[in-house]
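Sequence lines, in order, name chains C and X.
Residue numbering for the first sequence follows the numbering used here, beginning at 1 and increasing consecutively.
Residue numbering for the second sequence follows the numbering used here, beginning at 1 and increasing consecutively.
Simulated from the structure, these hints should not be mistaken for lab results.
Do not rely on the hints blindly, as some may be mistaken.
Covered stretches of chain C, going by a simulated chain X footprint (3 or more residues, C-beta under 8 Å) [to be verified]: (1) 78-91; (2) 159-170.
Pairwise CB distance ranges, derived in the manner of DEER restraints [unchecked claim]: (3) C:Gln113 / X:Gly55: 41 to 49 Å; (4) X:Gly117 / C:Ser123: 47 to 55 Å; (5) C:Ala48 / X:Val63: 37 to 45 Å; (6) X:Phe183 / C:Pro110: 52 to 60 Å; (7) C:Pro142 / X:Pro115: 23 to 31 Å; (8) C:Trp204 / X:Gly117: 51 to 59 Å; (9) C:Ser108 / X:Ser167: 22 to 30 Å; (10) C:Pro110 / X:Val198: 37 to 45 Å; (11) X:Trp7 / C:Leu17: 37 to 45 Å; (12) C:Glu177 / X:Val198: 42 to 50 Å.
Facing chain X, a subset of chain C residues (Cβ under 10 Å, in silico) [claimed, not checked]: (13) Leu55; (14) Leu61; (15) Ala116.
Note that the Cβ used here is the ideal one computed from N, Cα and C, for glycine as well.
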Amino acid sequence: MVWRNLPYLAEGFAVTLETSALVILGGTALGLLLGIVRSGRVASLRHAAWLYIELIRGTPLLVVLFIVYFAVPPLIGHRFTAYEAAVIGFIAFIGAYIAEDVRSGLASVPRGQVEAGLANGLSPRQVLWLVVLPQAVRRMIPALFNQFVRLVKFTSVASAIGVTELTGATLAVNAREFKPLPLLIALALAYFVAGYGLSLVGRWLNRRYAIAG
Amino acid sequence: MSYQFDWGVLWRYREALAEGFALTLALSLLGLLGALALGIVAGTAGAGGRRAARGFAGTYVEVARNVPLLVHMYFWYLGLTALRLPAFWCGVLALAIYSGAYVAEIVRAGIQSVPQGQTAAALASGLSPRQALVHVIYPQALRIVAPSLAGLLSQLIKDSSLASVISVGELTFAAGAIEGETFRTFEAYIGVSLLYLVTVTAISQLTLRTLSGRAVDPEMRY
Numbered sequence: 001m002v003w004r005n006l007p008y009l010a011e012g013f014a015v016t017l018e019t020s021a022l023v024i025l026g027g028t029a030l031g032l033l034l035g036i037v038r039s040g041r042v043a044s045l046r047h048a049a050w051l052y053i054e055l056i057r058g059t060p061l062l063v064v065l066f067i068v069y070f071a072v073p074p075l076i077g078h079r080f081t082a083y084e085a086a087v088i089g090f091i092a093f094i095g096a097y098i099a100e101d102v103r104s105g106l107a108s109v110p111r112g113q114v115e116a117g118l119a120n121g122l123s124p125r126q127v128l129w130l131v132v133l134p135q136a137v138r139r140m141i142p143a144l145f146n147q148f149v150r151l152v153k154f155t156s157v158a159s160a161i162g163v164t165e166l167t168g169a170t171l172a173v174n175a176r177e178f179k180p181l182p183l184l185i186a187l188a189l190a191y192f193v194a195g196y197g198l199s200l201v202g203r204w205l206n207r208r209y210a211i212a213g
Numbered sequence: 001m002s003y004q005f006d007w008g009v010l011w012r013y014r015e016a017l018a019e020g021f022a023l024t025l026a027l028s029l030l031g032l033l034g035a036l037a038l039g040i041v042a043g044t045a046g047a048g049g050r051r052a053a054r055g056f057a058g059t060y061v062e063v064a065r066n067v068p069l070l071v072h073m074y075f076w077y078l079g080l081t082a083l084r085l086p087a088f089w090c091g092v093l094a095l096a097i098y099s100g101a102y103v104a105e106i107v108r109a110g111i112q113s114v115p116q117g118q119t120a121a122a123l124a125s126g127l128s129p130r131q132a133l134v135h136v137i138y139p140q141a142l143r144i145v146a147p148s149l150a151g152l153l154s155q156l157i158k159d160s161s162l163a164s165v166i167s168v169g170e171l172t173f174a175a176g177a178i179e180g181e182t183f184r185t186f187e188a189y190i191g192v193s194l195l196y197l198v199t200v201t202a203i204s205q206l207t208l209r210t211l212s213g214r215a216v217d218p219e220m221r222y
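Bound-form chain C, shown alone (with noise of 0.2 Å):
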């Protein structure tokens, strides 16, 4: 019976691995934004960052899937569709725990590598983007696989607002064949599978790129 469903089923883990694609991509990119900002020297920029990191991360997933679905939509005048919103909110969610991360990794580089940077008569600019980052990134891969294994998780919430992702389609099925238990536990397998590889990617790329110590 699962058998005979597949297609659906398999168009719906095509939407769910589409959705983590982009928001990997977008995530990563607002965290790095909002991760620099956060580290930098503007303070005004240091604590906007600050504020958006802490609202997003004080408020649940559902609940800022559904501002941006229902409560901005009136307020801008257009509307998203929920594969839209879904993917607004997922990236900005996201990005807001990644954004701690690179704060974090941004961190641990070590103070003399920035000055040796502007030693050597780099501008602050360029000892961000030629030194620091690249050191910070191949520290941080452990924590930013940590993330998006979580995220190819919470991509089920979005089938609370009717994308239908792999979630979403075995609810579908189900409604039709009423079979919940062996729909349910391929389910659970597929972001087993799809989890546990994503880590093992991580951790071969962090057994390659790692810095030691």
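Add chain X to chain C, keeping to what the hints say.
Just chain X, lined up with the frame of chain C:
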């Protein structure tokens, strides 16, 4: 902007919000109890000497953590229909099992960070292995990991919002209900998110102030 704000709606529906909040707290606290019970058992097994026990604990942790919480909830609500559990208890079970995996890892790390000498000394003093565990290891381990466990309560409160999807009338569900009646989407959801934020921050501050001392890092959020 053509949208007229009406924040009074939060006051007019304060009873519904209060009821929702009470359910959120109930879900979170019961979930925490369950998670602690499961997690301490699994964490101790994971840190122990027996390979089989470690294997079981490890499997539980990996499976429970990698499956999304929402799927956990649907599993109990839809999957095991033979049990016909009320939605609230499906939520509690899902939260307990999911968070229990995290507690297990925290407890395992805590137990493993207690110096080996403590166990040796306890056994040498004539305590049985169980007595050593309960009276010597646990107190030290729990003191080390207490801040992480407080962070867990905050996480649980936020995670409890997912129970609204299986129709538990907690805070997020209440927001939806208010929105359904008044169409005040923005006020309802922003109001509720502020409520979550205040609660989580309060717990964080409480943790920082009561668990004073070495284990607490002021930079961290709990």
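Hints versus structure:
no. : hint                            : in the structure
1   : 78-91                           : violated (count 0)
2   : 159-170                         : holds (count 3)
3   : C:Gln113 / X:Gly55: 41 to 49 Å  : holds (43 Å)
4   : X:Gly117 / C:Ser123: 47 to 55 Å : holds (53 Å)
5   : C:Ala48 / X:Val63: 37 to 45 Å   : holds (41 Å)
6   : X:Phe183 / C:Pro110: 52 to 60 Å : holds (55 Å)
7   : C:Pro142 / X:Pro115: 23 to 31 Å : holds (26 Å)
8   : C:Trp204 / X:Gly117: 51 to 59 Å : violated (37 Å)
9   : C:Ser108 / X:Ser167: 22 to 30 Å : violated (45 Å)
10  : C:Pro110 / X:Val198: 37 to 45 Å : holds (39 Å)
11  : X:Trp7 / C:Leu17: 37 to 45 Å    : holds (41 Å)
12  : C:Glu177 / X:Val198: 42 to 50 Å : holds (44 Å)
13  : Leu55                           : holds (7 Å)
14  : Leu61                           : holds (8 Å)
15  : Ala116                          : violated (26 Å)
Consistency with the previously given hints fails for numbers 1, 8, 9, 15, ordered from lowest to highest.
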